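S.K.: The primary structure of each chain is shown beneath.
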Amino acid sequence: MATLENSAGEALSTENEGVRRRDFINIAAVSFAGVGGVVALLPLINQMNPSADVLAMASTEVDLSGIQPGQAIKTTFRSQPLFVRHLTPEEIAKAEAVDVSSLRDPQTLEDRTVDGRKEWLITMGVCTHLGCVPLGAGEGENRGEFGGYFCPCHGSHYDTAARIRKGPAPLNLEVPPYTYTSETAVLVG
Amino acid sequence: MSFPWAKEYTPKVPLMKWIDDRLPLPRFVYGAIGGGYPVPRNLNFFWNFGVLSGLALVIQIVTGIIMAMHYGANDLVAFATVEHTMRDVNSGWLMRYAHANGASFFFIVVYLHIFRGLYYGSYKAPREMVWLLGLVIFLLMMATAFMGYVLPWGQMSYWGAKVITGLFGAIPVVGEPIQTWLLGGFAPGNAALNRFFSLHYLLPFVIAGVVILHIWALHIPGSSNPTGVEVKGPQDTVPFHPYYTAKDGFGAGIFFIAFAFMVYFAPNFLGHPDNYIEANPLSTPAHIVPEWYFWPFYAILRAFTVDFFFIPAKLLGVLAMFASILLLFFLPWLDTSPVRSGNYRPLFRKFFLILLVDVLVLGYCGGAPAEEPYVMISQIASAYYFAHFLIILPLIAAFEKPLPLPGSITEAVLAGHGGADHEAVGEPAPVPAE
Amino acid sequence: MVRFFAFLVGLFFAGWLLVSFVAGGIAYVSEPPAPTAEHEFHLAPKHVSFSFDGPFGHYDKQQLQRGFQVYKEVCAACHSLKFVAFRDLKDLGYNEAEIKAIAKSWPIKTPDVDPATGEATTRDPVPSDHFPKPFANNVAAAAANNNAIPPDLSLMTKARHHGTAYVYSLLTGFQNQPAELLRRFPDSKTPSGLHYNPYFANLNLAMAPPLTSDGQVTYGDDQPKPTIDQMAQDVSAFLTWTAEPKMENRKSAGVAVLFFLIIATGLAFMSYRQVWSGVKH
Numbered sequence: 149m150a151t152l153e154n155s156a157g158e159a160l161s162t163e164n165e166g167v168r169r170r171d172f173i174n175i176a177a178v179s180f181a182g183v184g185g186v187v188a189l190l191p192l193i194n195q196m197n198p199s200a201d202v203l204a205m206a207s208t209e210v211d212l213s214g215i216q217p218g219q220a221i222k223t224t225f226r227s228q229p230l231f232v233r234h235l236t237p238e239e240i241a242k243a244e245a246v247d248v249s250s251l252r253d254p255q256t257l258e259d260r261t262v263d264g265r266k267e268w269l270i271t272m273g274v275c276t277h278l279g280c281v282p283l284g285a286g287e288g289e290n291r292g293e294f295g296g297y298f299c300p301c302h303g304s305h306y307d308t309a310a311r312i313r314k315g316p317a318p319l320n321l322e323v324p325p326y327t328y329t330s331e332t333a334v335l336v337g
Numbered sequence: 002m003s004f005p006w007a008k009e010y011t012p013k014v015p016l017m018k019w020i021d022d023r024l025p026l027p028r029f030v031y032g033a034i035g036g037g038y039p040v041p042r043n044l045n046f047f048w049n050f051g052v053l054s055g056l057a058l059v060i061q062i063v064t065g066i067i068m069a070m071h072y073g074a075n076d077l078v079a080f081a082t083v084e085h086t087m088r089d090v091n092s093g094w095l096m097r098y099a100h101a102n103g104a105s106f107f108f109i110v111v112y113l114h115i116f117r118g119l120y121y122g123s124y125k126a127p128r129e130m131v132w133l134l135g136l137v138i139f140l141l142m143m144a145t146a147f148m149g150y151v152l153p154w155g156q157m158s159y160w161g162a163k164v165i166t167g168l169f170g171a172i173p174v175v176g177e178p179i180q181t182w183l184l185g186g187f188a189p190g191n192a193a194l195n196r197f198f199s200l201h202y203l204l205p206f207v208i209a210g211v212v213i214l215h216i217w218a219l220h221i222p223g224s225s226n227p228t229g230v231e232v233k234g235p236q237d238t239v240p241f242h243p244y245y246t247a248k249d250g251f252g253a254g255i256f257f258i259a260f261a262f263m264v265y266f267a268p269n270f271l272g273h274p275d276n277y278i279e280a281n282p283l284s285t286p287a288h289i290v291p292e293w294y295f296w297p298f299y300a301i302l303r304a305f306t307v308d309f310f311f312i313p314a315k316l317l318g319v320l321a322m323f324a325s326i327l328l329l330f331f332l333p334w335l336d337t338s339p340v341r342s343g344n345y346r347p348l349f350r351k352f353f354l355i356l357l358v359d360v361l362v363l364g365y366c367g368g369a370p371a372e373e374p375y376v377m378i379s380q381i382a383s384a385y386y387f388a389h390f391l392i393i394l395p396l397i398a399a400f401e402k403p404l405p406l407p408g409s410i411t412e413a414v415l416a417g418h419g420g421a422d423h424e425a426v427g428e429p430a431p432v433p434a435e
Numbered sequence: 172m173v174r175f176f177a178f179l180v181g182l183f184f185a186g187w188l189l190v191s192f193v194a195g196g197i198a199y200v201s202e203p204p205a206p207t208a209e210h211e212f213h214l215a216p217k218h219v220s221f222s223f224d225g226p227f228g229h230y231d232k233q234q235l236q237r238g239f240q241v242y243k244e245v246c247a248a249c250h251s252l253k254f255v256a257f258r259d260l261k262d263l264g265y266n267e268a269e270i271k272a273i274a275k276s277w278p279i280k281t282p283d284v285d286p287a288t289g290e291a292t293t294r295d296p297v298p299s300d301h302f303p304k305p306f307a308n309n310v311a312a313a314a315a316n317n318n319a320i321p322p323d324l325s326l327m328t329k330a331r332h333h334g335t336a337y338v339y340s341l342l343t344g345f346q347n348q349p350a351e352l353l354r355r356f357p358d359s360k361t362p363s364g365l366h367y368n369p370y371f372a373n374l375n376l377a378m379a380p381p382l383t384s385d386g387q388v389t390y391g392d393d394q395p396k397p398t399i400d401q402m403a404q405d406v407s408a409f410l411t412w413t414a415e416p417k418m419e420n421r422k423s424a425g426v427a428v429l430f431f432l433i434i435a436t437g438l439a440f441m442s443y444r445q446v447w448s449g450v451k452h
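Chains as they are written, first to last, in the working numbering: chain A, 149 to 337; chain B, 2 to 435; chain C, 172 to 452.
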């Protein structure tokens, strides 16, 4: 290449373009290394996300057939307690008698159950205040002032629709996504 | 710093000045690997391997910490948790293969670094401390690698742990209690696995600490160079940055290409299939071999087959294996030749090449089954190994007539035999008719 | 002083090694090691090629499904696959409903605890379960198999040198002992209850030939004929997948990474040349 140009022109061009070319190469090399470094970070970060076996366990099947009205069972969903409660007609009536607009987290019992199956109340057993497990799912446990659940950590009372009624918790007990796979079986998650 | 012409750090932005006034870390880094460290201008690519070793250490620590997040140090589940990492953890297979191959690459670059030092006489005064600290790093690496290999709790893990701790059993009287103490039991088990995991996690950080000392000691006399002639003035040096950062950047690229090739396309090539079989205390693998980087030492261990009067052959092998590493600590005082670089030592260079082949042969024999002819070959090769360092090197130093040294690095560079890259790495310098 | 002691130590080690060498040499010449049948008749695995060979290789999902079928119908009665879960079968091209059906109908059941009584019981596997083991433990496995424990197959192709070809060779390598072997090593006759196979390390293994006739497994109409050779290839491919399920991710990521690294290193080289252009070195 150089032989095709006259010597004066070559000297000039290397003076100007040389500077730009030099900068360009160094900047390109460093940027490439930087991009590579950032991309290499992605798997290092992503490895902390739930692994395939954890994700595979992310759904829970619950058999409802053995739960009598008035009873509740405690099972686990995503390694956290899950309450499945078979409400009695009185409990349903009690929940529906409440003026929704007076609630801290306004929701009706219908909002919190599946259409036509409002006797099945399925919620997480995790107090929305600081994550303790409320009492009330087990036989003979304290169900609080409203007959639902009672969190002993800081005294949150939940009613028969597991809505927060009294105490520091800001929200109702969370209802996880679930579907009925048969008359007596529910797939949570 | 021993270079009066080394550039002072001058902060370019106010933030750096603010930091530097309060904690002179920027100044420290600038003087260590920045423009403030003058380096001989004639270093060839064999001088890349120090930085590459540091890079390998970082790769091992990062991937290792990640592996530890998914590992269970319990003999009942260790193997399964490693498989869990390989199958279910996001990019877990990449972390594990990078860590396993990273160990091999760490040893590859460290061996090249050591042989660079051996050929160019980098261990000689005033750099003895650099050499000694380097050997400490090497020993720590060996311990770390050995314990790390036990963690997957495969067959080679288990039997490797048994054989290597069994070496201590060869020591008279106290041997067996020591072996039992090391293992926390009579055979490798949960206790051994847990302590190996604990130490395997600890030692890399100790290595990192000794690496800092190694670099610190290096910066007192400054880097050696292919001519072995000390730096005489500013014309002999270039600042580390940008000259050697650019060169090391290119070296790192080559390193990563080779590394990625192994990790992605031949991840199990350097490993042993038996380690994909869960540890079984009732069944020994047909050939117990350590990882390849221990093969030369393993060959020395097995080369002793005849008892020396009251010393059993097994103990001799153990002593010789430790001696083969420990003798390197005495190297600066064994090789007394005033000339550093092998480029100017015709006789030394011949024996150096023999040593190189010798160690490769030892490595090959160490990986081969313990049968003839490998045992006999490793006996000859081990004999040469000891003779080379303990007998031949001191004699060469006494009788060799070195070639005339250049007056300075710059003089050598201008004469076209400074030793750097395109000036024929490893190509013999002109040897006068003998 | 250092050099004097070093000289003595060096002389001792080197000298004694030479003595050992001579002693070993004399022993070697006077009593050369006797050849063994294992040494002379063991064969390296056959050459066989697969769709997943090479840096751009991919698993052939149809082949993996056929191999899975062979595993299920031929191997699974004795050999566990404990590191593989049913959910992993989606790599073979099965959808969720199919996987659920496979798990539910799997002939071996998953151990569980009866929620009502607390007694040990079994249940149908679900997709998140690993493949249940055919034997409760090694003692049961040994008792049922003439004292030979059938190894787990999850990692078999990585636990042997050239594992995929090894599995294929082993499955197709059963034969009668060569007359030559019996003539030279009369003591090495295959003991009863074992089976001669030159691809096995010590030539005689406890497993009876598992693939004995063409058509032993029925493949779909659009699939190759289930000859012994075809079934052996298919199950070898399947076991390669069980051992290295992430191989496709690994290889495709590797191609991209190497492509990037080669460009980056090229730039680094130009940058290096640029930086040093004014300095003779």
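Simulated from the structure, these hints should not be mistaken for lab results. All values derive from a computational prediction rather than experimental measurement. The reader is advised that the hints may include incorrect statements.
Unchecked claim - Restricting the straight-line Cα-Cα distance to at most 25 Å, the calculated cross-link-like pairs of lysine-lysine (PhoX-like) are: (1) C:K243 <-> C:K232; (2) C:K253 <-> B:K8; (3) B:K233 <-> C:K451; (4) C:K253 <-> C:K243.
S.K.: Each of the hints needs a verdict: does it hold here or not?
M.R.: Verification of the hints:
no.	hint	verdict
1	C:K243 <-> C:K232	holds (16 Å)
2	C:K253 <-> B:K8	violated (63 Å)
3	B:K233 <-> C:K451	holds (17 Å)
4	C:K253 <-> C:K243	holds (14 Å)
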